[in-house]
Structures are given as C-alpha cells and as structure tokens.
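Same order as they appear, the protein sequences are chains A and B. All residue numbers for the first sequence refer to our numbering, where the first residue is 9 and numbers rise by one. All residue numbers for the second sequence refer to our numbering, where the first residue is 9 and numbers rise by one.
Accuracy of the hints is not assured; some may be wrong.
Remember, identical chains collapse to one label, so a pair may be satisfied in a single copy or spanning two.
Claimed, not checked - Cut-off 25 Å, straight-line C-alpha distance, at most; resulting in silico cross-link-like pairs (SDA-like, lysine to any residue): (1) K19 - D72; (2) K269 - A293; (3) K125 - F333; (4) K135 - G70; (5) K135 - G86; (6) K269 - E280; (7) K199 - R318; (8) K269 - G139.
Derived by calculation from the structure, the hints in this document are not laboratory data. The model shown is predicted, which means the values in this text are computed figures rather than measured ones.
Number of protein chains: 2
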Amino acid sequence: MSRIVILTEGKSNPTDAKTATGILRYRLDEVVAVLDSTQVGKTAGQVLGVGGSVPFVASLAGVDADTLLIGIAPAGGGLPVSWRSLLRQAIERRMEIVSGLHFFIGDDPEFRELASKYRVRIYDVRKPPPGISVSRNIARSARCFRVHTVGHDCSVGKMVTGLELARELCRRGRDAEFLATGQTGIMIAGKGLPIDAVVSDFVAGATEKLVLDAQHREIVVVEGQGTLVHPLYSGVTLGLLHGCAPQAMVMCYDPLRREIKYGNMPIPPLGELIDLYERVASYIAPSEVVGVAANTAALSAAEAEAELRRVQAEVGLPATDVVRFGCGPLADAVLAARERLRESAGRSGAGAAAS
Amino acid sequence: MSRIVILTEGKSNPTDAKTATGILRYRLDEVVAVLDSTQVGKTAGQVLGVGGSVPFVASLAGVDADTLLIGIAPAGGGLPVSWRSLLRQAIERRMEIVSGLHFFIGDDPEFRELASKYRVRIYDVRKPPPGISVSRNIARSARCFRVHTVGHDCSVGKMVTGLELARELCRRGRDAEFLATGQTGIMIAGKGLPIDAVVSDFVAGATEKLVLDAQHREIVVVEGQGTLVHPLYSGVTLGLLHGCAPQAMVMCYDPLRREIKYGNMPIPPLGELIDLYERVASYIAPSEVVGVAANTAALSAAEAEAELRRVQAEVGLPATDVVRFGCGPLADAVLAARERLRESAGRSGAGAAAS
C-alpha cells in the first residue's frame, strides 16, 4: 500500500485531472491528499466529484506520504513547467514519483540525478517496455472471449466501463480480466501497455501482446482509447481495435458532449458510430456492439434514467451508467454474445475454438 | 551526389528489397552496385525489374563508393544479424550508412563507436526528429490542395504514384510537392517524416506538420502508408489520413494481390475500400477518391490494358499504371477535383479559402 499525494496544481477539474479522478475512484484507500494550492479547504469529492473527504493541500509540508502521483493527462503529455519545483520537493522528501505523461520524468537529467541522490524511484508508466514490435494478426485466434470498450470521443468512460465490466463478470464467477491500455488504467490495474506511447507501427502488436498474455482467461475486457473519428487520436483507436480483434464491443458516450474533445468538430450520431465500429472491426474478425455505457455524471437521476430510455430506443441496445446503475445489463449482453458465438461455433463444428 | 552501394544480401526480391527498388528507380545515377553475394553476375534490372545494368557485387572490396544504403524494409524493421559484419566493413572503409530500419544503427553501441572512430555519419532516416506532438486538427484549413495516395494493401505503389503525380503536376506548370511519410520516400525526396516510427499519439500531428510546412505550395501529394484494413498497420494509415485531411485521394492497388501482405487475410473489393476511405476521411474534411493507380508490373502490356479497362468499369474512375502509361489521367482528375472545389467555394462565397 502506498500513501499517495495526487498532484493537480491549478488543474483540479474533471477534464484535466482525468488521472486523478481514476486513482481516487479505484485506489482511494491509498490517497492521502490532493496537491493544488488553489483548492485548499475543499475535499476531492466537492471539486472532482469523486474521492469523498480526501483533502486538498497547498504543499507537501507536514503530509505523511511516500508517493507523488501526477494527476493530469494533457493532450501532448507535457509536464507543466511550473510543476518542476514541486517534483524536486517531492524527490527531496524521498517520495517516489508516478507519472503517465508522454514526457518521461526519469529521463530528464535533473530529475534523474536528484532521484539517484535521494534513492527514489521514478515510475514513468507510459514508457513502453522493450520488445514491442508489429502484430502477427493472431489475437483474433486467441482462446479468450474479447470485449473492447469503444467510444464516441476520448474521456467518456471507456476505462471505468472496462474496469466495472470485468469486476461484474468476476462477481458472477467468470474468469475475467481488465486489460489496461492507457496510463491511468495501468496505474489502477498495476500492469498493461501504454499503447498510445508505442511506435505507431507497433500499436496493433502491443495490443496483441496484451491479449495473448491474458488468453488463459475466459474473458478479457480491453480498455479503449480515443475514437475512430478523433482527428488527433484516431490512429491509436484503430490500431488498438484491430490489434485486440474484439468479438463484442461496448459503446461509451457522454450525452452532453457535442464536440470532439480537443478536435473542435461535431460528434456523429451514436448509431452511425456503432455501424462504423462494427464495419471497421469486422475486416479483421466479426464483431458487434452489444451495449451502451452512458456517462451521466452531470445529469440528475431522473434525467439519467430518461437518457438511458432514449438511447436504448435510439440504438436498440441495452444501456446503463456503470457508476450510477451498475454494470448488470452490459455483463448480460456480453455473456449473451459469448453464448451466441459458442452456439454458432458448435453448429459449424468449430466448437473447440470458441469453447 | 553520393556513390551508393545498396545492401540487399540474400533478400534481392521486389518484396523484401522495397527500399532498393525505390532508390534504383529515383536515384539511379548515384547507385554504383547492389551488394548480394547470391546474385553476382546479374544486373539489378534482371533481378529487381528496375536499375538497368547496375551490377550485383559479392563484397565491398574494389567498389568505389562512399555510402552503404540498407535496401530492405522488413516488417518490424529489424537488422538481420548476419548483416552486422557487412556494416562494420562499410564503416571501416569510411562509407556513410543510410538506413530506414526501425532499429537505429546510430544508437547501437558498437556501430556508434566504430562510426566515431572512422569519422563516418550514420543516417537513420526513420528516427523521428524532436518536437513532434499531437495534431491541432488544422491541416484541413491549410491553403494548399491536399492529395493523398491510399491503397488496398502495403507495397502496392503509393510512394511511386505520389512521386509521379507530383512530377506530372510540376511538368504542367503547377507548384506541386511530394511529401514523404516513409523511409524510402524520405531517402528519395531528401526530406519528410517517418510517420510509422513516431509515438502513436503523434501520427496525425506529424502528418499535419508535414502539410503545414508545405502549405505555400499550390498542391501537395502526401505519400500513403498501409491500408485501413491492414491488421498490422491500419492505425498508421488512419492517423496519416486524418492528419493530412486530403481533399482528393488516389487509390493504388496490385491486381494480382489477393491477400493482405503479412496479414494472411483476403483483401476487400476495391469499390468497397474506396467507399470506406471516403467515409472515414470525410469525418475530418470532405474527401473523394478521384482515380485509381494499378501496379501492373507482373502483367503483359495487353493484360495491363485490359485490367485498366476492367477496373475503370468496376469503380467508374480514371485509371492508369503510372510507371507504364504515365500519370496523365490522375493529374487530370486531381486538377478537375481542385477546380470543382474552387467553383463550389466560389458559389458559397468562401472563395478565399480555396483560391
């Protein structure tokens, strides 16, 4: 167990502090405080909508913690210049550093030297391990049933939906595992591959490796990234989709999102996106969207229920908000899809491959 | 002018030696010999179908050359182990090394030390320059008219078609430029960005940078990579497509190709792929496939002509083999598309953006 301070200085909003909210949701027991001098006196729950009574602090002085975790995930993944002194202070207090930035803190000469001096480890979780190469296009033949959370934009709940779905399947006695593909997911799961940080030729290969390493599972739930129509990140999304060759997909969306985040463009209708994902995925292996996960955090309970009824009618699929209403309908849909595949494989005499 | 020996030892076939054939086609004046001890006594023209009387040699002994260029582009981009001694010999002869592998020769401790000792430069053209980051989604507003060569698979002629199209447009007095996105294209054009070697989050951003740096041109022709349905490389293809936001695309294909190279899967029909590219591209900016480039190298002249008639009837677009029959129909189609865009922009009162 670590004693973590999450650093979000000046950026404590749910959009910038995406990593912070993920850690607060899934590693709350380990979080001591959130460091943002502009929010002192408030709690994480008040400011970020998650994290309950975890306090904001203005500095590391007097805080009993052993880890400083960078709580933001900005486009481009740079380190805010003004944060350098905060990192120096943490290292001088012999705190470990955990970061999911594209900028590798451990490769920075100043931080490397300081960490060596104070015998502190720096974990750059977005730094790909060695040995990643091109795909062999064999994830589609893996024995495990492959589920992939996809979305109409980035930051709409693909990681949370994947984590909750894997948990719900485990709760039902299934041998399911969440496979993390992004920095926050890796910090939560304790393993995974940061596929948006690998050499672009190797995105499908990295994803394939994740799946093959977990193919002893009955079901894997592969965390999605971005969206196929994202002008900045679509390449990552497609390489990931083809690399994990999912048999079932869950479409995640935010009902209030109208424009692509960072993209300054309208988001196409959900039904059109479902069709696009199914078409594009199926060039590698047959795949269907089996359910919808709405992120209704900004709606009232009544509005959320109305939205779920609306979207179910619109796309004809089961829908839920996994945080608010649980993951039951999605787990049902995934298990039903798995059953359909087993039956059709049984009929065609290829039962072994789907058993 | 360099005096180049191209290294293809044991791999002198048009599939493995893709970089060699590109250099022989576009930098023939500089090529002294091809190094492959298994082909001595033959010419490049005989073995690779391009390069005329350039001889194969068994070693560097007695060859008057100043550059050794790695002539292969294998999946994964590794250096064949048995080639290390050949590279050592070249450096000891004070030859410069030019490589497009994912494996960076200049970062290898042994080669780095040797190159330093013999004061020889190593050019790893696939090593991305610093300063590449995420896209800002603004290539779609660049002033230049953007053409993109796409394909039904990798290694079907997207680079050659792009180079020939830019040349033909220049011949017609247009201010056109070929923008290289792969290692061989960069070696030929003398500049470009190896977009399949950048961090995957930055593919669209690298492509956008290429376009913005050339937006003073009237027309840019952006070299395509892979295909949207390629299980290994589709992520690169889509990031590139969205990053350059083309107004016109040219579909390149090999009429004898039935299976995806390295992918062990059938290739979808050309008309279906044209529809897929137009749909996916148009989420960022309106785009149409305006012509088809067939790679008929393995067909007789009569077969090639029949194939062009067949494909034109199939997809309803002008078609040519740019090597065999020239690039005229594609240049016509591109200029017509540009004219249509200017007219429609003029009608809608947005003339400035398309002028």
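Numbers of the earlier hints that this structure fails to satisfy, in rising order:
3, 4, 7
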